[in-house]
Structures are given as structure tokens and as C-alpha cells.
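Line by line, the protein sequences give chains X and Y.
The number in my numbering is simply the position in the first sequence, starting from 1, with 275 added.
The number in my numbering is simply the position in the second sequence, starting from 1, with 42 added.
One or more hints might be untrue.
Derived list of chain X stretches under chain Y, where covered just means 3 residues or more per stretch with a C-beta under 8 Å from a C-beta of chain Y [claimed, not checked]: (1) 494 to 504; (2) 530 to 541; (3) 557 to 563; (4) 577 to 588.
Hints listed in this document are in silico derivations from the structure and should not be mistaken for laboratory results.
We put the beta carbon where it would ideally sit given N, CA and C, even for glycine.
Letter by letter, the chains look like this.
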Amino acid sequence: MAEIKLNNENKSVELAESYEYSDTFSKKFQIFWRRFRKNKMAVIGLTILIILYSLAIFAPFIAPYDPAGTADDIMYVDGPPTFRSYVGYNVNGEEVVFKPNFFGRDELGRDVFSRCIYAGRISLTVGFVSVSIYVLIGTVWGAIAGYYGGKVDNIMMRIVDAIMSIPTMMLLITVMAIFKPNLYNVMIVIGLTGWTGIARYVRAEFLSLKKRDFVEAARCIGASNTAIIFRHILPNAIAPVIVAATMGLASAILTESTLSFFGLGVQPPTPSWGNMLTNAQELETMVSAPWKAFWPGLFIFLSVLSFNFVGDGLRDALDPRLKQ
Amino acid sequence: MLKYVVKRILQAIPLLFIISLITFFIINLAPGDPIYMFINPETANPVDVEVIRKSLGLDKPIYIRYILWLKNVIQGDFGKSFQHGRPVLEMILERLPNTITLAIVSTIISFLVSIPVGVYSAIKRNSILDYMFSTFAFIGISIPSFWFGLMLILLFSLKLGWLPSGGMRANFEEFDLIDRLRHIILPALVLGMASMASQMRQMRSAMLEVIRQDYIRTARSKGLSERVVIFKHALRNALLPIITIIGFIIPWLVSGAVVTETIFSWPGIGRLYIHATFMRDYPVIMGVTIISSVMVVVGSMVADILYALVDPRIKYN
Numbered sequence: 276m277a278e279i280k281l282n283n284e285n286k287s288v289e290l291a292e293s294y295e296y297s298d299t300f301s302k303k304f305q306i307f308w309r310r311f312r313k314n315k316m317a318v319i320g321l322t323i324l325i326i327l328y329s330l331a332i333f334a335p336f337i338a339p340y341d342p343a344g345t346a347d348d349i350m351y352v353d354g355p356p357t358f359r360s361y362v363g364y365n366v367n368g369e370e371v372v373f374k375p376n377f378f379g380r381d382e383l384g385r386d387v388f389s390r391c392i393y394a395g396r397i398s399l400t401v402g403f404v405s406v407s408i409y410v411l412i413g414t415v416w417g418a419i420a421g422y423y424g425g426k427v428d429n430i431m432m433r434i435v436d437a438i439m440s441i442p443t444m445m446l447l448i449t450v451m452a453i454f455k456p457n458l459y460n461v462m463i464v465i466g467l468t469g470w471t472g473i474a475r476y477v478r479a480e481f482l483s484l485k486k487r488d489f490v491e492a493a494r495c496i497g498a499s500n501t502a503i504i505f506r507h508i509l510p511n512a513i514a515p516v517i518v519a520a521t522m523g524l525a526s527a528i529l530t531e532s533t534l535s536f537f538g539l540g541v542q543p544p545t546p547s548w549g550n551m552l553t554n555a556q557e558l559e560t561m562v563s564a565p566w567k568a569f570w571p572g573l574f575i576f577l578s579v580l581s582f583n584f585v586g587d588g589l590r591d592a593l594d595p596r597l598k599q
Numbered sequence: 043m044l045k046y047v048v049k050r051i052l053q054a055i056p057l058l059f060i061i062s063l064i065t066f067f068i069i070n071l072a073p074g075d076p077i078y079m080f081i082n083p084e085t086a087n088p089v090d091v092e093v094i095r096k097s098l099g100l101d102k103p104i105y106i107r108y109i110l111w112l113k114n115v116i117q118g119d120f121g122k123s124f125q126h127g128r129p130v131l132e133m134i135l136e137r138l139p140n141t142i143t144l145a146i147v148s149t150i151i152s153f154l155v156s157i158p159v160g161v162y163s164a165i166k167r168n169s170i171l172d173y174m175f176s177t178f179a180f181i182g183i184s185i186p187s188f189w190f191g192l193m194l195i196l197l198f199s200l201k202l203g204w205l206p207s208g209g210m211r212a213n214f215e216e217f218d219l220i221d222r223l224r225h226i227i228l229p230a231l232v233l234g235m236a237s238m239a240s241q242m243r244q245m246r247s248a249m250l251e252v253i254r255q256d257y258i259r260t261a262r263s264k265g266l267s268e269r270v271v272i273f274k275h276a277l278r279n280a281l282l283p284i285i286t287i288i289g290f291i292i293p294w295l296v297s298g299a300v301v302t303e304t305i306f307s308w309p310g311i312g313r314l315y316i317h318a319t320f321m322r323d324y325p326v327i328m329g330v331t332i333i334s335s336v337m338v339v340v341g342s343m344v345a346d347i348l349y350a351l352v353d354p355r356i357k358y359n
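This is chain Y alone, in the form it adopts within the complex (with noise of 0.2 Å):
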């Protein structure tokens, strides 16, 4: 198990090596200046252009900077930011947290609403509700979420005025959690839809897988309620591929957060990221795609090494 843990750490490292390498060179190869983000071209004396250059690091050859950049990375120094003189990994980390904590409601919200409803549509296979619920899923994973959002936002709080458009608090002087509450749930929602339309169909899918198992039958055949056939013996076993998903939806979250962040001015590092693109801002355009490649990494290999610690079927080689 351990060797298994380690050969994982050990294939993540060339690969969030193989990620600053891409993204590094994308930013950098591409035509336009970012100096030019701080002096208007036309007006610009040539020598101040060349400070600014060099104070920004950026009169050497790009395979420098990037050997530069990648050994202050990995003394933990991201560098500054071009457009507010702030180190990148303060800025990040000061928004981390509000990113994550609207992640983990709305991950909250997408199970449980996709458990229950994947368990009812496998047991009451083709019933109306079935039907219903994976046109319900079809839905979720295709409405665009900036839409959705937009749509919640003139319903919620423009026509019913029953919650605020945006934002993370109303209350600054304390934390006031139903406050709290009312400003995520939109969001949350929003960010939630796409995973908890996947998670019902995976869900619905597992349980199927499970119910025809031979255990089930004896169970059954043992006399057992229906009831405890459904929840104690096959609910657990079809849990277990759920554990897989939480590879997946990070990636999904990283991405969602920036279109959801910036409609609902949520505070995170997706709506730092799209301010940074916008900006030309190196430094925190790098950081950011790293901090989040990272998170993707560690969660999928989380993943994978909860589920070969849970299912014994799983050969960790």
C-alpha cells in the first residue's frame, strides 16, 4: 500500500512539472507585452520601457525566467504580482479559502441531492420519476452556468428580492452565518448543477450494478426488509465508486469557479484569475493555474488511493 501511495506522489511530480512547462511557454510565447498593461506605447520613453522591463524580470530569455521562476516556486516564492505589487501566493491565499469553502457547499448540495435521487431511480427502474429525474440530469449538464446564474440572479433577487445578487456578506463587522448562507446558496447551486446531473446518472448506475448481485439475493432470500436489503447492503457498496468522482469534480470546480465567481462577485481565486488574465498578470496567471493543477492532482490521487484502500478488489499496481 505504501509503495502504491508513493509510485502516485512520484507520477504527479513530472506531471505538475509537465503543466508549469505548458502554461509557462503559452503565456510567455505569446505575441504582445505586458509592460504596455502600466505605459501607454505611444507616449513611452524607450528607456523607461527597459526599466520597467528588467524591474519586471522580463529582459531575459524566456528559458531563463522559467528556471528562475520554477526554483523560487519551489523555495515557495510565486513571485509578485505586475499589477499590484503583492506577493502572488498572499493574494492566493487570502481567496483559497472562500474558493473552497463555496466548493465544498455546493459539493454538499450536489450529493445530497444526487445520492438519494440515483438510489430511487435504480431501485424504481423506468418508473415516471426516473424518466423525470435523468431528463432532470440531461438538463443540468447542459445549461450553460453563467445562464443559470443570471437567470437565478433576475428571479431570486431582482423580481423576489428573497436573496442578494452577489457577494459574500452583507455583514462585515461579525460573522453572521445565516448571512453567510443566504450570499452561497446561489452560487453554490450554480457551481453544484453540472456535478449533481453527472453524480445522479453515476450514482443511478452503481446501484443498478449493485442490486444485481448475488448478495442482494441473499439477502432477500434471507427475509430481510427491503428496506435494510437497500440501505445497509447495497447502498455501501455503491457508494463506493462515488469516492472516484471526487477525481473528477475538483477539475470541474476549478473551472466552474471562474465563470461562477465572477457572476455572483464571489471573492475567489477564479475571479483573481480572470482579473489576472485581463491584466497580463504573469506572476498570479502562473500561480493560480498551479495552485489549481495542484489541488486537481492531490484530489485525484486521493481518489484513487481511498478507493483501492475501501474496495480490496482494487490491485494497487
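Bound conformation, chain X alone (with noise of 0.2 Å):
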């Protein structure tokens, strides 16, 4: 008897609970936490992500190598991958203990590994900063149509369809080819072409929330209209740009990599993900030296992926009548 009724308390608890606007930071923070637990895959996404960060924050002590090589290596050309330290000669022919190059040596002989670590600075750092670009003019943007609707909201969502009836990729193709490509136009050009979900997004959640009480109330007091959109309306729209935000990393990685590859985006020497593909990709080197190609791939996938994987976890946890 006793047991049943533990568990009914137990559901009760659990139906009751959702975020209220009393509770403290931590209190939320809990909730948020135990509904982002229940979905496997998005904790398994959060721990490689945090695992690709810590290599990409500590490569300098965990780098095996140096990342631009050193006259020591371009003796092995395109080496195979090693588990064990190995002596090997250097160019004046010296014996040389070499520490194990787990991914392989690239065409210069440099470590693949090493190389994809220093790479994760590059290409996490392009997402992160790409994203912020767009989500600070998709918010804008998606608030200002939404809030004042009719002709304005018109006009600033026909731009919208406009540059997204443009495909993204030509247009980032062309954009970058042109203006000279490096890390900063990279993480510029993503950003002001990838804002158009997240204006989408917030337009309809503003258009939603301006009729309900809480902007009356606020316009009755005396609230002005950009007090109203960036202190009242905004707050509560908030979740669905995160989980946007963090799908948007994702597609931003992904993009940043497919440029580099093309050669479009990061140059080198400066190691991406991207661009350690571009010389891998002739048949001759798949066959000769195939983990120059594997690798920096599976870097991006797993980072790509689990960012999806977070973002899908974190619909679950802050807005859960998003989740079908």
C-alpha cells in the first residue's frame, strides 16, 4: 500500500513539474537538467562535445606534434598510422625516437592527429562566432517583424524568402571566391547569410505573444516598444532560439567545412577540418594514404552530430510542446 502510494506522489511531482516564474536559477536549472538526461542521445552528444572541446582547448599538451611539422617529419611523407614510439632518421640522417602518429602523417609529413586537434580550435571557434552573427540579427530581425506586423512585417519577411530562395551554398560559394577567403570572412559570410531560420522563429513567437496580457500590461504601464520586444516578449521567446542556435552550430561546422574543402575557407597552413580534406581527396592518395581523408571527416561528423544530438535535448528540456 505504502509503495503505491510513494509512487503516485512520485507522478504527481513529475506532472507538476515545469518551469515557474518563481523559481530560483537553480531550481530551473534542475528541471532543465533532469528532462535533458532523459534523452541518451543528447547526454552522449553533450560528452563528445565536451570531449572535442577539452582537445581543442588543451591541444598545445595533448598535440603530440607540432601542428606545422618539423624538418624532422617531412622525411615521412604520408605515413601510416603508429600506436608505438619508433626510431627513425631526421633529414642530417640522425636517429630520431618519434612518438606514435595515431591518425597517420599527412603530404608534408605532418601528424594527422595533431593536426585535427589544432583544427577543432579553428573550426568550434568559426561555429561559435558565425552563430552569435546570426542569431543576434535573426532575433532582431524575427522581433521587429513580428512585433509591429502588417506592411513592415510584409516587407522584412519577403527578404527573408528572398535569400532563401537563393541556394546558400552557391551564394556562400560566390561570396567567399570573390572576397578574398580566410577565417574572419568565413565566420562573417555564415553569419550574415544563415539568420533566416532563426527570423522565422522568432517572428512567430512574437506574433503569438503580443496579444497575450502580459504585453498589455507592460503597454499600460508606460513600457516603450523596445522595452516591450528586448525586456518582456523576448525572454519568453527564448527557447526555441537556443534549440535553433544550437542546430545552427551544427550546420555552421558543417558549412565552414564544406567551404575549406573547396578551399574557400580556412587557408593553410592553418589546419581545419575542412581543408585537411582538400588534399586528400585525389583517388591516387584514398588508395596510398586513406586516413588523411577519414579523420579530419570524422572530427566534423561527430561534432556536427553531436550538436544535433543537444540541440534535439535541449527541445526536450526547454520547450517540450516543440517535441512531436
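Make one complex out of these two single chains by using the hints.
Structure below.
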């Protein structure tokens, strides 16, 4: 009997568990974490991301080799993966003990593992910066369109439609080929083209939220339009933005790597996961040194997949209405 | 209905105009000069530079160039390629069928997989297979297509030797279906992967939506077999929202074609586009952008109209 009662209590606790305005931050976080944790894939994704970020942050301590290569390395072009230290010769014919090359060496004899770790610094940063740019643009754009509605909304959303009708990859390739391809331009260009999705989400939220009573109340006490948009409505519309931004990180990393792969993104010698594949794609190299193409691609894939998993978990945790 | 169609067409025209304006100004306002793709800036004779500039029409101010370009495009003239001297439209039309073939085959593959999988996941919700399919869908949208393509080439062409690594055909003498299929399967799979994954999820949620409806309960309570309920009553209605996907996937396919065609040396407009960008061949860049934007805009328009036609709940206004 007692057991059954306990079960019932647990159930009611779970049903009542939702975010309350009065909750403290730590309470809200507890609720959030309990929901997030239920999505196993999201937890796996988060773990992978923590590992990838740690590798990137502590790269100088983890990487066994200099990512730019040293004079000793040029002797071992396209060297295969090794799991033990080995004795080899450097340019001057002296005997040197080499650390293991877990992922093999590339066409200049550089250690692929070390380069993958250093490339993570670039690729993960590009993702963050470009998504920050487009979340900012998209949120403001969508907020203004949704809040004011009418003609303003119509014109602003037609512009969004126009940008969405241009195949993004084409636009990015053109812009990058014509402007100087480098790290900063990649971040800016992805940021400037990616905001349309966020703008649509925010607009939709604003369209429904602006009719609510609390907005009316804010207006009654004399709040300005700017204050209503940013102080009153926006905090309530933030959940879909966080989810979209996390998924956006995934697509930004994917886009950056594709551009860099074509030689239109991050330029060598700076390693990025995408440009490491540029020299690996010739068929002869693919046969003789497949590790050069495999590992950087796997890093891209894992980071993109993890961001998508985490985004899915965030959606479950922050906004259960969105779950299907 | 006719009013709705006319309205959508009238909306599409300014949209295409804005797209052409944005693209034209981005290309032409960029630093650097395309004529240095043809001559060495250090040894060039300034008189020659002026002659070439004039012959390419680059001597006029940008707004005049845009108006001239627009006037010609309306008359069906996309100008001549800087690099090859051939009419742009001719170059595009030569390659467009190849891109469309690839797009159609990849769409067929992705529908063949996504519809049954989506239906299965919806009716066997939360089963182990449903979780596996949903994980697979995540993998599909996350895998970088250029890497996926290279790995498929590595496995199926280089290691196993089953399929060719690129190109569109090996038999140039006559049309050989088997040869064509062997060449198209890998690029179509790479191109279709992302849309396959997202369609699986959409199909699943559309189906879930439908099987909760009252008419499905009615059908079941009438004593119809589960198969008839699912395939005759539910699937038909669940397929409706899939029509709108046609509108979404065209931009995906066009963007994807750039990557896929490059990896697999597929002679389509994506590869033409990449080459044109590297060579700063402005008329070709503009031509391909406009043609593909037209496909995107028309595609989404057709999808909207079809959806309005088949779903009486949608009002056209």
C-alpha cells in the first residue's frame, strides 16, 4: 500500500514539474537537467562535445607533434598510423625517436592527429562566432517583424523569402571566391547568410506572444516598444532560439568545412577539418593514405552529430510543446 | 483557385528580381578585376586592358551594366561566358538535364527509403527500430556530404572495385542503362542522404498526427484490418504534407549538387558553377544563380499550389 502511494506521489511531482516564474535559477536548472538527461542521445552528444572542446582547448598539451610540422617530419610523407614510438631518421641522417602517429601523417609528413586537434580550435570557434552573428541578426529581425506586423512584417519577411530562395551553398561559394577567403570572412559570411531561419522562429513566437495579457500590462504601465520587445517578449521567446542556435552550430561547422574543403574557407597552413581533406581527395592518395581523408571528416561528423543531438535534447528540456 | 495561382506568380517575379539584384551587386562590387584572369597584370599593356574591358562590357558603370543584363535576360540572352566565349544559356542547358537526372534519382531513392521507414516508425512508435531509424536520421543530416562521398568512393570504387568513382558514363557510343545506373548510384545516394533523413522524420510525425484522428478510430472500430487502416486510410492523408517537401528540397538539391558533382565529376550545373566562380566568369555565375533560383521559386510555388489543391482545408488567399 505504502509503495503504491509513493509511486503516485512521484507521478504527481513529475506532472507538476514545469518552469515557474518564481523558481530560483538552480531550481530551474535542476528541472532542465532532469528533462535533458532523459534524452540518452543528447547526453552522449554532450559528452562527445566536452571531449572535443577539451581536446581543442588543451591542444598544446595533448598534441604529440607540432601541427605545422618540423624538419624531422618531412622524411615521412604520408606515413601510416603507428601506435608505438619508433626510431627514425631526420633530414641530417641522425637517429630520432618519434612519438606514435595515431592517425598517420599527411603529404608534408605532419601528424594528422595533432592537426585534427588544432583544427578543432578553428572549426569550433568558427561555428560559435558565426552563429552568434546570425542569432543576433535573426532575433532582432524576427522580433521587429513579428511585433510590428502589417506592412513592416510583410516587407521584412519577403526579404527573408528572397534570401532563402538563393541556394545558400552557391551564395557562400560566390561570396567567398570573390572576397578573400580567410578565417574572418568565413565567420562573417556564414553569419550574414544564416539568420533567416532564426528570424522566422522569432517572428512566429512574437506573433503569438504579443497578443498576451502581460504585453498589454507592460504597455499600460508605459513601457516603450523597445522595452516591450526586448525586456518583456524576448525572454519568453528564447527557448526556440536556443534550440535553433544549437542546431545552427551544427550546420555552421558543416558549412565551414565544406567551404574550406573547396579552398574557399580557412586557408592552409592553418588547419581546419575541412581544408585537411582538400589534399586527401585525389584518387591515388585515397588509396595510399586513406587516413588523411578519414579522420578529419570523422571529427566534422562527430561534432555536427553531437550538436544536433544536444539541440534535440534542449528542445525536449526547454520546450516540450515542440516535441513530436 | 486561379486567383491564387496568379497571385503566387506575381509574388515570384519581384522575388526573382531581388535575387538577381543581390547577386549581381555582390559579384560586381567585389574587389579585384575579372580581366586579370585573362592577362597578367604586370606585363599587360594598358591599351589592351581597356580593349578587353570594353569587349566584356565591363567599362560601363555598374547600374547600367545591371540594366543591360536584365534587358537581355528578359529576352532570353544570358550573355557570353568570359572564359569560353560561348552563350551562357547554351552551356547551362547542356548540363542542366544531367543535374536534373541526378536530382530526380536521388529524390526517388530518398522517398523509397523515407516513406516506409517513417510509416513504420510511427506505427511502431518507441520500438527499438524506431530509435535506430531516428538515430540514422540524425546521422543523415550530420554527415558532411563531401566526406561521405569520398568514403563511398574509397569503399565501393577503390577497395571493392564495384562501382566507378566518377563521371556519368563509360560507354560513350550508345545509351547503356546499366552503365548509367552504376555511375549514378553513389552521387545520388550522397545527394539524397540529407533529404532522406529529414523526410523520414517528417513522414513519421505526419503519420503520428494522422493515426490519432477520429476517422482512424472509426475505421478500426468498423473492424477493418490494420493493414487497410494504415495503408488505405492513414497513409493517404499522411502523404499530403510530404508534397510541401518538394518545395524545400529543391534548394537543398541545388546546393548539394555543387558538392556532389564536384566530388563525382558529374557534368552538371553545380560543377559548371564552381569552375565559373574560380575563374570569375561573371555571366556564367549570374546565369546559373538565376536559373537555379527560378527552379527554387517555381518549385516552392508548385508545391504550395499542389498542397492547396489536394488539401481542401487550406484556403487560397
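Results of checking the hints against the structure:
no. : hint       : in the structure
1   : 494 to 504 : violated (count 0)
2   : 530 to 541 : holds (count 4)
3   : 557 to 563 : holds (count 3)
4   : 577 to 588 : holds (count 5)
In this structure, the one hint that does not hold is number 1.
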